[in-house]
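Using the sequences plus the hints, can you model the full thing?
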Amino acid sequence: MSAYFYESNEQNGMPSKQRAVNGGHSQRSSVDDYMMPEEEWERESVLDPAWERQQKKTFTAWCNSHLRKVGTSIENIEEDFQNGLKLMLLLEVISNEQLPKPDRGRMRFHKIANVNKALDFITSKGVKLMVGAEEIVDGNLKMTLGMIWTIILRFAIQDISVEEMSAKEGLLLWCQRKTSPYKNVNVQNFHTSFKDGLAFCALIHRHRPDLLDYSKLTKDDPLSNLNLAFDIAEKHLDIPKMLDAEEINNSIKSDEKVVMTYVSSYYHAFSTTQKAEQAASRICKVLTINQENEQMMEEYERLASDLLEWIKQKRPWLENRATDNTLDGTQAKLGEFRDYCRSQKPPKLSQKAKLETDFNTLQTRLRLSNRPAFTPNEGKLLADIVDAWKGLELAEKGFEDWLLKELRRLERLDHLVKKFQHKCDIHEEWSNGKIDLLKSADFKQCSLNDLRALSRKHLAFESDLAAHQDRVEQIAAIAQELNVLGYEKIQAINQRCQKLCNEWDELGDLTQKRRSTLTEAEKIVERIDSLFLEYAKKAAPYSNWLDGAREDLIDMFFIHTLDEICGLIEAHNQFKATLGDADAEYKTIMRLVDDAQQTSKDNNLDLPPNPYTNIQSEEIKSKWNEVQALVPQRDQDLQTEYAKQQQNERFRLQFAQKANVVGPWIERQHELLQQLTVQVVGTLEQHQKKLETMETSAAQYRPHIDELEKYNQQIQECMIFENRHTPYTMEVIRVAWEQLHTQLTRQIAEVKNQIYTLEKKGISEEQMNEFRAAFAHFDKSRSRRLDPKEFRSCLIACGYNIREDRQGDADFQRIMANVDPTHTGFVTFESFLDFMTRECSEEDSVDQLTLAFKTLSADKPYITAEVLKRELPPDQAHWCIQRMKPYTGADGVPGSYDYKTFSSALYGESDL
Amino acid sequence: MDNSLFPTVPVFLDRSSLDQSWGFRLQGGIDYRLPLSIKKVSPNTPSHNKLYAGDGVTAIDGQDASSMKHEDAENLLRNALQIQLAVRRGQFAAVRPSRPPVKFGASSQPHVNSALQNTTTPNNYRRF
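Chain order of the listed sequences is A and B. Just so you know, we're using full-length UniProt numbering here: the first sequence kicks off at 1 and counts up by one. Just so you know, we're using full-length UniProt numbering here: the second sequence kicks off at 1 and counts up by one.
Bear in mind the hints are in silico, worked out from the structure with no lab data behind them. Don't be surprised by glycine CBs; every beta carbon is placed ideally from N, CA and C. The hints are all genuine.
Some chain A residues judged to face chain B by a derived CB distance under 10 Å, without partners named:
1) Pro372
2) Gln807
3) Ala810
4) Arg814
5) Ala817
6) Glu909
7) Asp911
Lysine-lysine pairs mimicking DSS-like chemistry, simulated, CA-CA at most 30 Å apart:
8) A:Lys854 <-> B:Lys69
9) A:Lys285 <-> A:Lys860
10) B:Lys40 <-> A:Lys285
Here is the structure:
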């Protein structure tokens, strides 16, 4: 037993003890042989005094850097470990494990027992140790240093096994990688390579560039470099000074063990920083997702409130059916409605579409980041918005119908009132003074002839009266219709009508009375000039006919179609055909007058007034002339109206021709879109491009719709209500057009979501296509959604074992609740994709986040605002501090926060 | 969801002190818009073999849990030494695929294997 040494477990070969006895222990004296992880500690050989001094200083500092954590230290390395107590403490600190209880006594054998406990612990870590406890208790410096080196190698360096190399090589590789970007540094070993201090500075700068300016350092000032590195490491990295700058610089070849010990402290200091950075970035990722999601939720709620508020404002206006009974007012309303349809509603419709796509995007994001699904506040669900929108459109439809109906009613009223006034005017003109005449007692002073004349005159009046019956009935009928149509100023109409009817009744009564009076007197009346009589007989009805004809000729018309105007023209032509007979009658009457004049002239008499009638021949003459003049006038009016109806027909055709082009175009676009949605050919990006091309062409088609709107407005302004030239109405076109837009927008958003999912999940286009193929296979109705039965078959095809029993039903119900949280009864491709791509491992997000916070807080169960502010970006640190609860554990410090509850709460969970 | 598929089970838990944890993770609550449920259960705790991951919590100490906030449920559980729960067993347990999926190539025939439509005979089902 001439030497002790340790060797790693991996070594297969000659037992080291035997080798030592054989004196083969000096075969590897070259310390540059880094491929050999183990080395030997020669008991006999003399250690270079300079190396011994270096080791003693460095190892002591290293031990103290750990012992200070438990509030103790050593001063003299060969003495302070003699009783084994601090040695055990050191091992406990660096291994973070409990050693057996030390013996309390102060006797030598107590010390030996304690040192042995420490040595046993080291041996239990897979290190063969060839040092006797006695040598430590006796204060053998060389053996003590050897033992400490073994501990350093095992606990501080061996774990740095970069890519399964030996401990020393691992540490060397780490140094090389970290310093490779730096000029004047080439780490090849642990002595000369570190001599000028630049390697230390490079290591510091690589990890904490804030601490020194590497570009200002030169090779020529090794002492300053070394001291700079040692000072900074002590001050900022909490690594005590373990090396002496001058000794490192002056010795030709320093002891590599001391440099390794010191460098390993760098490694551990920086690896902690790195871990903290990783933890911080993980927390940031999680928090950013939460913040973004919250923003999206707020945005959704804001948009939804906005839209609902707008609908709430518009609906009462659309539901208001109060009329102001004027044509102008109603026309103005129609204009307002058109403005609503064309400028106010479309932006709101796209807002609605945006809301739907935003909602789906948000849900996808929430699912992808393992967060609870988003349910909007009460009354702001998508379904609520769809309902409100439907309500709006219902009100809108009723509103337009009502407006047009109201317009027609008001037009008709206007027409009827004018007609009524006109007929009344004519009638009143006729009836004016008739009552006085009927009441007059003129016959009492009359001669017999006159009396007979009066009687005859009265007869004529009676037929005149009978002839007027028709008109009075017409007037009453018009008044009745005005009542039915709810004319606003009906009272005046009714009054006038009543007065007219009363007068009419009175006329009838008076006529009868006068007739009986005259009949009584007739017995004394002689036969009057037959000529006059004949004139009177003919003149009265003829005059009446003239009145009627004149009335008909200036009668107003109210029509909507070409057929109607043709009817009127036909009637007028028939009337014109009777003019020949009328002319003959006129001539007959005039001949009677002429004959009478001739007769009186022949007899040298002044022509007495015609006792049988007060209708003068001049009157008939003028009326006849008037009627004749009115005929061409009427011709012209009818032609004008005919032209207007022709123009209306042209407008109809204009609208119809355009609508017959626009309608099928939109239908084709719908079919194209349908084909595109059923089958995706090529990559998603290509698909998105196709959809966007369609969107562009739709946008370019917009002027055609506008043109059609213009024609439609023309039609409405001309009061044209039917159009048999086209099956399309503006309303149908508008709906199809808006649907095309909405669906395009939705499809594009869906594809974008799929692309987002693709990127987020990292699944390949090929996998995506497989999901799509599976979905399409079961989507029998090509509706881009599966009903529960189809979905169940699809799941089974995708490998889910869903049995046909209660358990299977239960499993399926759960999945349905997952993919269709709002109970629509259908599964969209997006939610299907989402479900299929959800990470199967179901990694525990809460635990991951908690672990990240734990790393930041250096394994403490709480975290302080200071740490959060140091490790996280300001706004995320602020976000955390606002939401974290104070830590309540007994081991907390003032102002500490509970990150565990916070992490759980982010996902709606808590450990109980 | 048809709740009759998940029988309601009464579960009684007790523990020796408030410092001992119940040993399960509670998820959801009306404020999270998720039903209250058991996310996971730790072995060798008062909840072990009594509660199971995926159980839906319907009542806590006789109080209806369907509209309970997470915090309220949490406080009830934290401050009790004994607790009577009612859970729907397995209501929210995750379902996972147990077989490789069928390939639906774009070129595949539109016909469907009848076994796919007729799920009563899942064992006849094979790849095509």
